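S.K.: Given these sequences and hints, build the entire structure.
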Amino acid sequence: MRRTVAPVLAALSAALLLVLAAPGAQAADPAPPPTTTTPPPVESYARYEPQTTCSPKAKPGTIAAQRWAVAAYGGRAGGISRACGGSLSEHKEGRAFDWTLDARKAGDRARAQRYLTALFATGPSGERAELARRMGVMYVIWNDRMYASYRQFAATAYVSSSCRGKPLSRCSATLRHRDHVHVSLSKAGGAGRTSWYVGRVARAR
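Residues -27 to -1, 1 to 178 in mature numbering (1 follows the signal peptide of the UniProt record, and there is no 0) are what the sequence shown lists, from first letter to last.
Derived from the structure by calculation, the hints contain no laboratory data. Please note that the accuracy of each hint is not assured.
[Said to hold, decoys possible] Computed beta-carbon distance windows for the label pairs:
| # | residue 1 | residue 2 | range |
| --- | --- | --- | --- |
| 1 | G47 | T147 | 16 to 22 Å |
| 2 | P14 | T147 | 35 to 41 Å |
| 3 | S62 | A130 | 17 to 23 Å |
| 4 | P97 | A44 | 18 to 24 Å |
| 5 | A79 | A44 | 19 to 25 Å |
Remember, predicted model here, so these are calculated numbers, not experimental data. Cβ atoms here follow ideal geometry from the backbone N, Cα and C, with glycine treated the same way.
M.R.: In structure tokens form, the structure reads like this:
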């Protein structure tokens, strides 16, 4: 009887080993779900929001946008805050920055042009002026030209109110924005609440 049981047990053990070694006998680890990062929707063109309060402290989005422009294209950071009083200016709400470039220099003109091209380029999603819209850019003034969100950033002639009625040659480089680029942001952009600022500044609530 013992001689009969031993071969049977040996056969069963061999069969069990074959089953365990067979492909698919053990459950494979589940494949991780695909990771896809969908960018947030592109914001609408910023509407015109003139200064309405006196709050000149530099806002977080303004600081981030200025630092990025200087780091990416060169030049120097100009002013953000401006004392209240007199004419309206987004500087007086801390949501406009100046970027020091010289329109007389070919290198600085090229820097400004690369910046404008990046702002107003069609993005991967097919949206025009995607970067400018994600940043909350309201308008840019540079070298006698203005690019406003409420005109879909089409270039238009710019003349300071202080220069009207006289030849541009008699108007200062500062008033003509030939010694700096001026960038005004929407209130959301200045506060860092539009999509470009995610991960760049603490979201204001």
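S.K.: Against each hint, give a clear statement of whether it holds in the structure.
M.R.: Verification of the hints:
1. G47 - T147: 16 to 22 Å: 20 Å, holds
2. P14 - T147: 35 to 41 Å: Check passed, 38 Å falls within 35 to 41 Å.
3. S62 - A130: 17 to 23 Å: Once the Cβ atoms are compared, 20 Å apart, the range 17 to 23 Å for A130 and S62 holds.
4. P97 - A44: 18 to 24 Å: 22 Å, holds
5. A79 - A44: 19 to 25 Å: At 21 Å between Cβs, range holds.
Of the numbered hints listed earlier, not one is contradicted by the structure.
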